[in-house]
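Number of protein chains: 4
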Amino acid sequence: MAGQEDEGTCEYMMKQLIAVIGGRRTEKALLLQAEEVGRLIARNGATLICGGLGGVMEAASRGAKSEGGLTVGILPQNDAKSANKYIDIPIVTGLGIGRNVIIARTADALIAVGGEYGTLSEIAFALQMEKPVVGIRTWDINGIICSDNATDAVARVFELLGS
Amino acid sequence: MAGQEDEGTCEYMMKQLIAVIGGRRTEKALLLQAEEVGRLIARNGATLICGGLGGVMEAASRGAKSEGGLTVGILPQNDAKSANKYIDIPIVTGLGIGRNVIIARTADALIAVGGEYGTLSEIAFALQMEKPVVGIRTWDINGIICSDNATDAVARVFELLGS
Amino acid sequence: MAGQEDEGTCEYMMKQLIAVIGGRRTEKALLLQAEEVGRLIARNGATLICGGLGGVMEAASRGAKSEGGLTVGILPQNDAKSANKYIDIPIVTGLGIGRNVIIARTADALIAVGGEYGTLSEIAFALQMEKPVVGIRTWDINGIICSDNATDAVARVFELLGS
Amino acid sequence: MAGQEDEGTCEYMMKQLIAVIGGRRTEKALLLQAEEVGRLIARNGATLICGGLGGVMEAASRGAKSEGGLTVGILPQNDAKSANKYIDIPIVTGLGIGRNVIIARTADALIAVGGEYGTLSEIAFALQMEKPVVGIRTWDINGIICSDNATDAVARVFELLGS
Chain A
1 MAGQEDEGTC EYMMKQLIAV IGGRRTEKAL LLQAEEVGRL IARNGATLIC
51 GGLGGVMEAA SRGAKSEGGL TVGILPQNDA KSANKYIDIP IVTGLGIGRN
101 VIIARTADAL IAVGGEYGTL SEIAFALQME KPVVGIRTWD INGIICSDNA
151 TDAVARVFEL LGS
Chain B
1 MAGQEDEGTC EYMMKQLIAV IGGRRTEKAL LLQAEEVGRL IARNGATLIC
51 GGLGGVMEAA SRGAKSEGGL TVGILPQNDA KSANKYIDIP IVTGLGIGRN
101 VIIARTADAL IAVGGEYGTL SEIAFALQME KPVVGIRTWD INGIICSDNA
151 TDAVARVFEL LGS
Chain C
1 MAGQEDEGTC EYMMKQLIAV IGGRRTEKAL LLQAEEVGRL IARNGATLIC
51 GGLGGVMEAA SRGAKSEGGL TVGILPQNDA KSANKYIDIP IVTGLGIGRN
101 VIIARTADAL IAVGGEYGTL SEIAFALQME KPVVGIRTWD INGIICSDNA
151 TDAVARVFEL LGS
Chain D
1 MAGQEDEGTC EYMMKQLIAV IGGRRTEKAL LLQAEEVGRL IARNGATLIC
51 GGLGGVMEAA SRGAKSEGGL TVGILPQNDA KSANKYIDIP IVTGLGIGRN
101 VIIARTADAL IAVGGEYGTL SEIAFALQME KPVVGIRTWD INGIICSDNA
151 TDAVARVFEL LGS
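Protein chains in written order, with my numbering: chain A, 1 to 163; chain B, 1 to 163; chain C, 1 to 163; chain D, 1 to 163.
Do not take every clue at face value.
Below, in silico cross-link-like pairs of lysine-lysine (DSSO-like), each with a Cα-Cα straight-line distance of 27 Å or less [said to hold, decoys possible]: (1) 85/D with 28/D; (2) 81/A with 15/B; (3) 131/A with 85/B; (4) 28/D with 81/D; (5) 131/C with 81/C; (6) 15/D with 85/D; (7) 15/A with 81/B; (8) 15/A with 85/B; (9) 81/D with 131/C; (10) 131/B with 85/A; (11) 81/C with 28/C; (12) 15/B with 15/A; (13) 81/B with 131/A; (14) 81/C with 15/D.
Rough simulated footprint, nothing fancy, chain C against chain B, three-plus residues with beta-carbon under 8 Å [stated by the list, open to error]: (15) 98–107; (16) 116–122.
It should be emphasised that the hints constitute simulated quantities derived from the structure, not laboratory data. On a predicted model such as this, the values are computed, not experimentally measured, just so you know. We put the CB at the ideal spot given by N, CA and C, even for glycine.
With the rest of the complex left out, here is chain A:
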């Protein structure tokens, strides 16, 4: 099979998992940033992981898909139907917001775009796990690397991951 390309299958060579975290209800400007972050993650050959729902999560997923990237959604609900339509791999946890720890644990690095208390819990977990967290107009927490745009944020993440 090696070297052969069947419809619907692929050689998966992406290694890094980058999370995009942020709120469901977010202003337009931040959604555009999130979408660009998603695009750049995919263009850098990484897989996007997120909470799988709307707002920042959906914008980032749409961005990643527009570049042919792979998207993983860690869903709080009991049903894959709750995923936004750009999610390739819906991980259906049924754990409610208890799933936030899995996003932080699974990601190699995180980019926070805006975000409310849910995002803050993910930031806190990620920093506790000593993972790189880059933030665009998000919580001002000691340990977050601040950035003001998608290009810079993604560049910093890959620089930190040494790739």
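Put chains B, C and D on the given structure of chain A with help from the hints.
Relative to chain A, chains B, C and D alone:
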């Protein structure tokens, strides 16, 4: 980008997630069945999900990768390094065996190959969620569809999923 | 304060946590057994732990309270209001049936009274953790100690726990 | 049995569950505050809930027990032995820091004493759930009610809970 094929990226078109569940320590004959189950899942265009560790999980993952399939491992530990080497997407839960419910919840259908008490908990959750569970030499639980080989087991799963 | 007894406070001296597991919808005869199991757990000075909801869980909690015992409910929902009225300490997990692993993990021993697939997942987890599981008309799983009445079941549990 | 008092049993009449959250490694002054918070929670007839480990959690538990209160520890590990010695009811989750969401979900209100990123995740969850969070020298997060000593912090919590 559409229609273009970059190295390391792909159009992901696989829709169904089939879990292979079973023990870490298993006899050779069952490992061969698990590997064949993995191969057939990938050949049918589905994504393999499993617990990400050794034994039946590793054999099924190896089978799926040999056919260019995608593999997702729902890990109990805190670190992606605990995944077997055939896992493409390690979901690092840090939840211990509490992660078993996520495997059942995420899968569209499950195939149990042998297995001890951990596998039994996954079977129980899956049947509670009214998902198809096909078993090859596994627990004798009301609701499991018994099969005696990989080809038959996978055929039944896709028949039940209507694809 | 020591030695003094205020209204509403107490010296807590109960050491063992015994789980009663079983279904929400259960026939009358089993509910009576569950209530008797709860009574005997409390009379033996142990604390009752259960899933906190109706059916067998409620019957066992009512039994324990009728003897002045303490009851802990590990709830799947997001709200303590979902607990039955005999629960003293509602642990509100919001994890759905993912909370089943916590019941098994927290209990020193478990008594299963009837039960469907949810109960089976708890039995499986408990046996994986090598905890004593005594069953009254429940799943026929290798490792369960079968009993046919509450008195015998509770006696066996405390015998196994060496108390 | 009602009205009778057996050794080791009690009529449980405490209704409110107050969480004390904070770090394992904390300076002496904060530990004294945490112990006083624990004492006052018990004196007000509430049950203490915490993460069950050392530092602030242990100090608060010790305080609560010195007043004859009841203490619940939501443990990350797989074993009740990891609980500090002042925990009456060890809830053994095996979920690692994923258990933080349960502390926030179960508490009627929370008092944060100092704390690092783990505490921040609990604060974030609690505020997302719209629960009162009073903080003594902890994270400066919008939504936290700041206090500078145990007496004031506990008074505010019970005022907010309307009791």
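State the violated hints by number, sorted upward, taking the hints as numbered earlier in the document. 5
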